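If you read the sequences in order, they're chains A and B.
Per the numbering used here, the first sequence starts with residue 35, numbered consecutively.
Per the numbering used here, the second sequence starts with residue 6, numbered consecutively.
It should be emphasised that the hints constitute simulated quantities derived from the structure, not laboratory data.
Keep in mind it's a predicted model, so treat the numbers as computed, not measured.
Every residue, glycine too, gets a C-beta built ideally from N, C-alpha and C.
Accuracy of the hints is not assured; some may be wrong.
As the list claims (entries may be wrong) - Cβ-to-Cβ under 10 Å is the rule here; a few derived chain A residues that face chain B:
#, residue
1, R47
2, G51
3, E54
4, L55
5, S104
6, H113
7, A128
8, G131
9, C215
10, F300
11, M303
12, R358
13, T472
14, P473
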Amino acid sequence: MRWKTVELTGWGRVLSGKAELARPEKPAALSGIFADTPAPAIGAQRSYGDAAVNSDGRAVDMTRLDRFISFDGDTGILHAEAGCSITDMLDTFAPKGWMPAVMPGTGFATLGGCIANDVHGKNHHKVGTFGQHVLEIELAGADGNPTTVTPEGDPALFKATIGGLGQTGAILSAKIRMIPCSSRLIQVDERRAANLAEFMEMLKASDATYCVGWIDGTANGQSLGRGILEEAELTSSNMAPKLRKPRKVPFNAPKFALSPPTVRLFNRMYFNRIPKQGRGVLRSLKDFFFPLDKIHDWNKLYGKRGFHQFQCVLPDKIAERTLRDMLRLIADAGLASPLAVLKRTGPGRAGSLSFPMEGFTLALDFPNSEKSRALVAQLNTLAAEAGGRIYFAKDSLATAAQARQMYPELAEWQKTVEAADPDGVFQTDLVRRLKLRTPA
Amino acid sequence: MSQTWIILGAGSAMGRAFARKVATEGAHLVLAARDQDDLDRTAADCLARGAASAASVLFDVRKPESFAPIYDAAKANDGIINAAVFVGSMAPQGDVDADPNTGDLTIQDSFTGPVNFLHGLAPIMEERKGGTVLGIGSVAGDRGRIGNYTYGAAKAGFHTYLSGLRNRLNRSGGHVVTVKPGFVDTAMTWGIEGMFLVASPEEIAKDLWTAHEKRKNTLYTPFFWRYIMAIIKSIPEPIFKKLSV
Chain A
35 MRWKTVELTG
45 WGRVLSGKAE
55 LARPEKPAAL
65 SGIFADTPAP
75 AIGAQRSYGD
85 AAVNSDGRAV
95 DMTRLDRFIS
105 FDGDTGILHA
115 EAGCSITDML
125 DTFAPKGWMP
135 AVMPGTGFAT
145 LGGCIANDVH
155 GKNHHKVGTF
165 GQHVLEIELA
175 GADGNPTTVT
185 PEGDPALFKA
195 TIGGLGQTGA
205 ILSAKIRMIP
215 CSSRLIQVDE
225 RRAANLAEFM
235 EMLKASDATY
245 CVGWIDGTAN
255 GQSLGRGILE
265 EAELTSSNMA
275 PKLRKPRKVP
285 FNAPKFALSP
295 PTVRLFNRMY
305 FNRIPKQGRG
315 VLRSLKDFFF
325 PLDKIHDWNK
335 LYGKRGFHQF
345 QCVLPDKIAE
355 RTLRDMLRLI
365 ADAGLASPLA
375 VLKRTGPGRA
385 GSLSFPMEGF
395 TLALDFPNSE
405 KSRALVAQLN
415 TLAAEAGGRI
425 YFAKDSLATA
435 AQARQMYPEL
445 AEWQKTVEAA
455 DPDGVFQTDL
465 VRRLKLRTPA
Chain B
6 MSQTWIILGA
16 GSAMGRAFAR
26 KVATEGAHLV
36 LAARDQDDLD
46 RTAADCLARG
56 AASAASVLFD
66 VRKPESFAPI
76 YDAAKANDGI
86 INAAVFVGSM
96 APQGDVDADP
106 NTGDLTIQDS
116 FTGPVNFLHG
126 LAPIMEERKG
136 GTVLGIGSVA
146 GDRGRIGNYT
156 YGAAKAGFHT
166 YLSGLRNRLN
176 RSGGHVVTVK
186 PGFVDTAMTW
196 GIEGMFLVAS
206 PEEIAKDLWT
216 AHEKRKNTLY
226 TPFFWRYIMA
236 IIKSIPEPIF
246 KKLSV
């Protein structure tokens with residue numbers, strides 16, 4: 035197998051590193067690669083920070099192992115290779131009445147990546163994380179030999195693999211249970227929330243299957259934390275969705291594109307576009323679940339300097355106070371981009387290092403600068419103090435101490451990982467930066 | 006009418022991508038390649054994507070005795086039989102220079118093997134009165150270049166055969182597309198220096214399907230290779246012989 039020298043880059047385009055990359059097209063080729071050099075497996079490289087970066091090392095790109103191995107139309111159980119994308123699953127199986135139970139914000143994410151980050155979707159409060167719908171994982175250890183890991187057979191390894199950032203080995207394939215999908219359209223109801231208190235009340239009161247809030251990170255004072263609540267239900271309509279051709283961001287955008295005045299103006303228009311009494315619209319599943327996938331390479335909108343995404347989850351009790359503090363810091367700094375999400379999360383999580391907890395999650399993008407790095411560091415501190423967590427799939431600025439404080443099951447996870455990968459061959463930049471494999 | 010597609014070289018990235026495209030069109034598939042486990046997996050994938058059926062048949066272009074089971078598997082389905090031929094190998098010219106036997110294998114894999122296969126298939130297609138052959142040649146076959154002229158010569162021979170076969174099958178309602186891909190992002194080109202304008206196997210697969218539907222005679226894919234090759238072909242030989250393009 036040939037290794038290609040590439041620059042591995044997080045989706046936020048701030049963290050990157052030179053690495054040698056192999057890209058097997060057959061499972062047998064992967065065994066050959068691991069016999070030569072076992073290396074961390076990476077997928078669509080949609081993690082924002084350095085989860086899929088291995089500077090001055092090697093990595094294995096799994097995206098060409100992307101076949102459906104079996105599908106049971108009665109139970110909705112799908113066995114697929116790790117490189118399958120969520121969009122591919124949705125496109126192929128929605129017409130047959132099934133869809134992945136959990137879909138992250140981008141359909142480009144791979145099955146392996148969804149497991150390794152135990153991703154969540156707009157229905158987390160109802161169905162939990164992606165890993166909770168995984169029945170079986172085929173895992174290649176450092177010796178390249180595949181083993182089948184199930185929650186019954188090896189609960190510790192299963193729990194360490196889900197959300198385990200690839201540290202137990204390369205995920206080759208997995209069996210997941212999908213959920214029925216009655217239509218390819220979704221009914222979305224949008225309502226304004228005037229401020230944070232009202233927004234949180236609305237999120238708490240919502241019983242919708244899918245529920246997500248857009249938050250205006252530039253609003254301050256009386257309007258602090260204002261936004262739009264989106265509640266959605268699958269319809270039984272059999273109308274074919276209107277599909278628009280994706281567009282591409284052809285080059286790095288200039289700095290003014292996301293300057294504070296532009297963002298303030300955009301956000302005001304975006305907020306006011308929803309009538310006071312709210313409105314209902316019918317959208318295609320893809321438009322609703324992956325709104326940004328329509329703009330290929332949208333990360334270039336932040337220009338060459340890249341951006342940071344801050345995403346935290348905060349426990350219910352303290353969420354409102356901490357969110358208020360965070361939003362004030364954000365609004366005062368005037369650095370936020372329009373991409374900002376506030377969402378309710380349930381208790382569901384499947385791995386030792388899974389992100390969610392019962393409460394609220396806030397996610398915001400900030401163009402990379404010294405000021406924004408300082409701001410995100412402050413936000414990380416607030417999240418840690420509140421007993422919350424930051425999301426490894428998004429993080430580029432947290433500290434090793436914070437990771438320890440936020441993930442109490444880290445020691446337990448380390449034990450299983452050390453047994454699975456004693457030589458540390460699956461370590462990535464993220465793991466080294468946050469010292470996730472260094473015993474406390 | 007029911008359609009069957011033989012995918013010769015279904016283990017390659019391009020072969021797999023085209024098999025998937027055909028699967029979404031609901032056709033029957035006969036997948037042929039050297040790795041049985043991998044073929045079975047691609048067959049399952051194609052079924053999930055909508056193929057009417059997907060048979061996997063072990064095939065080695067260097068073993069003519071492996072051809073008949075493929076014909077039989079295709080004949081088991083009613084209707085029109087089509088074939089897409091993705092087999093071929095490209096040994097570095099340096100290896101060929103060092104060992105002439107290497108050149109023979111390149112010629113067998115890329116030219117005489119596929120030709121023999123298609124020659125056995127032609128009467129079956131004629132009997133069924135129709136069908137398309139997508140023959141994957143190469144832009145390398147358009148002109149002999151210092152870097153890969155043995156491979157280029159094999160592909161040029163294949164192009165000429167396809168041209169003749171097109172004439173023959175046309176008489177029974179069949180059709181042949183001579184496909185000349187440029188650089189494609191596959192295991193064959195992965196990590197090789199000097200690749201540019203590299204197309205994904207999915208883009209090529211889409212182009213192949215369109216060429217089949219529109220009954221194109223020659224397809225350069227992506228399209229701009231037609232112009233690149235027009236320039237390369239127009240360079241006068243006295244100059245060309247001194248170049249290392």
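query = When the hints from earlier in the document are held up against this structure, which numbers fail?
reply = 1, 2, 7, 8, 9, 10, 11, 12, 13 and 14
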